[in-house]
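Chains as they are written, first to last, in this note's numbering: chain A, 1 to 164; chain B, 1 to 551.
Keep in mind that the hints are not guaranteed to be accurate.
[As the list claims (entries may be wrong)] Simulated restraints on C-beta separations:
1. B:P538 - A:A106: 53 to 61 Å
2. B:D436 - A:A106: 52 to 60 Å
3. B:C292 - A:A161: 33 to 41 Å
No lab work stands behind these hints, which were simulated from the structure alone. Glycine is no exception: its CB is placed at the ideal position from the N, C-alpha and C atoms.
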Amino acid sequence: MRYILRRREIVADDWYHLGEDIPAGCPLIIPLAQLRMDPERWRQWPAALGVRLAPADAPEDLTDELPGLALVAVEFPGSGDGRGYTLGRLLREDPRFHGELRAVGAGVRQDQVFLMSRCGFDSLELAPGEDLEAARRALQRYDVVYQPGSPAAGAAAPIRAQRF
Amino acid sequence: MYQYDELDQAFIEQRVAEFRDQTRRHLAGELSADEFRPLRLRNGLYLQRHAPMLRIAIPYGLLAAHQLAALAAITRRYDRGYGHFTTRQNLQLNWPRLADVPDILAELASVQMHAIQTSGNCVRNVTADHLAGVNPEEVDDPRPYCEIIRQWATQHPEFTYLPRKFKIAVTGAPEDRAASQVHDIGLHLKRDADGKLGFTVLVGGGLGRAPMIGHVIREFLPLADLLGYLEAILRVYNRHGRRDNIHKARIKVLVKSLGPATFREQVETQWRSRSAHATPLLPEQIERARACFRPQPYAALADLDVSAGREAAFLAWYRYNTRAHRVPGYRAVFVSLKAHGQPPGDMTAQQMESVAALAEAVSFGLVRVTHSQNLLLADVRQSDLHEVWLKLKELGLAMPNIGTLTDIIACPGLDFCSLANAGTLGLAKQIQERFDDLDYLYDLGEIEIKISGCMNGCGHHHVGHIGILGVEKRGEEWYQLTLGGSANGFTALGEVIGPSLPRDEVAGAIERIAETYRALRTESERFIDTLRRVGLEPFRERVYALHPAAA
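Hey, can you work out the whole structure from these sequences and the hints?
Encoded structure:
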């Protein structure tokens, strides 16, 4: 059983990734490339469907699917690749998307989760070995910021002052 | 100057607490060197050749006297009693201990200073014209906008893990003293036909391995759109800038590969499509920032004839080390960090403390760091100049060489930097010794020498009238000369004049370049103008005539 941070709570993950040992009819996250390869098959998936974006993917390509997606996962492969921050904000700025926005990958660590939450990620699937409790505390390292973010309800700790 | 409010102060304290915890975890083995690296870099900390190097931010080069005194105290307590001012108006400490860095940052925070984003792949210290606010030719003071950009860029949620470092410079004067055309973004303040303020936006300039001059992507951007437009540029860059090759990751490479027109189109599309989400810049925020940079309470004075009855040495200093001020009776005064034989930009704690006291006494308690690695007292009464000169002379800070050949810009080079291929400080010293005759120096007039210890170009060699690049050859330090670079107004990149030279031949080569100039110049023609008129060839011939063996 995998645990994740969702809206600042540590919860058991009800989603599965394609390639994992998948129970029948479970909520499933598939790579965008899979969705493109066989859209018919996935349209008939009996449970909730989520899409996983690699850093070079374009959320603009999800135009048709976006309103129906319960979850979009964005990959942070680590070693400082920050494209996911922009992808997250693009999704949160799109009025058609109301689902869960999840950060996944080796780059999802306690020292980055605060910025991720500010970019609209309301669920954080931490890199293997990361301490969930420490990551949860890290969401509260700052209560003042300069810029507006793209917050999702409950994703980030309350901010008491913002400049712009 | 800008004063922190409760938000700024709370933010830097929270940042120090975060870095203290990260350092503790690293030292306890909980955070690997690889994981700690991007975190320490974003707090100014490099691991260098001999020891860590801490780069302290001096936003747009402006320091209160009490801050300079605090820096002096920090260099005494945690370092070796001196610091190095850089071309990007920051201060580097070369010998701090890693475990002490959180305490140093806490001390900085207590005087409204920090080292945030002075390194790492993020938006760096925003730089400005060192004569901002006092220069008679200025459209508007760039510093309020620098401060707004500083705040906006600080721990930006979307742009803290960019493909590569990102440098922004702002200038409000026709003469570009901020090298803005060789920055990732250069902003030039201007007025439109209705007299409204805004910016011309340049993107994609830079030095390093593939030096390029920035392209204008917008002739006029209204003030209110500043942050939203910067976000559009950075968003295009963050998504599409290369991450597979560190040498191709700067925005200049993206601009070049897309072509400036396509890049501009992408930025404009991004900007227009998200106007509802762009960070707003409200008139009251602009006003709040501008209020921090109001003109000083100047006395009503008349310009003086400061030369009457004064000694020649003072007159030389006045001519070379002071500049016009827009207020009658005042002058801007350089504190030269280019005494011959001293590493360019270095300053001892005692000098810092004395200059801080001097600034309190004669220049409204403010000091500026210049792009050329000197300090500036911007608002000195002409009637105080002689006394200020005497004091600076006593401190070893009155070398009357600003703008001359020995006002050398240099990175720290092989002596300190782990990236360097060759030394810069020893070479600067050899050149200064060779040109130690002031009459000869003055006869040569305005010549800029810029030295970088490696291709990264921190010493801006590409835009020096004479550029010197250190290269490693068969395990030895050699130097490649370029001529004709300039970052001032008419920005140009220098051209390599021939094979590199061993260290001991560089000062001689520069002397031959100077002699060639003296032989070819027309009356009162500056070095750079002679060079542009006659081309490289006569200089090349003269430098290599005696060195057929150089290869």
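Among all the numbered hints in the text so far, which are the ones the structure does not match? 3
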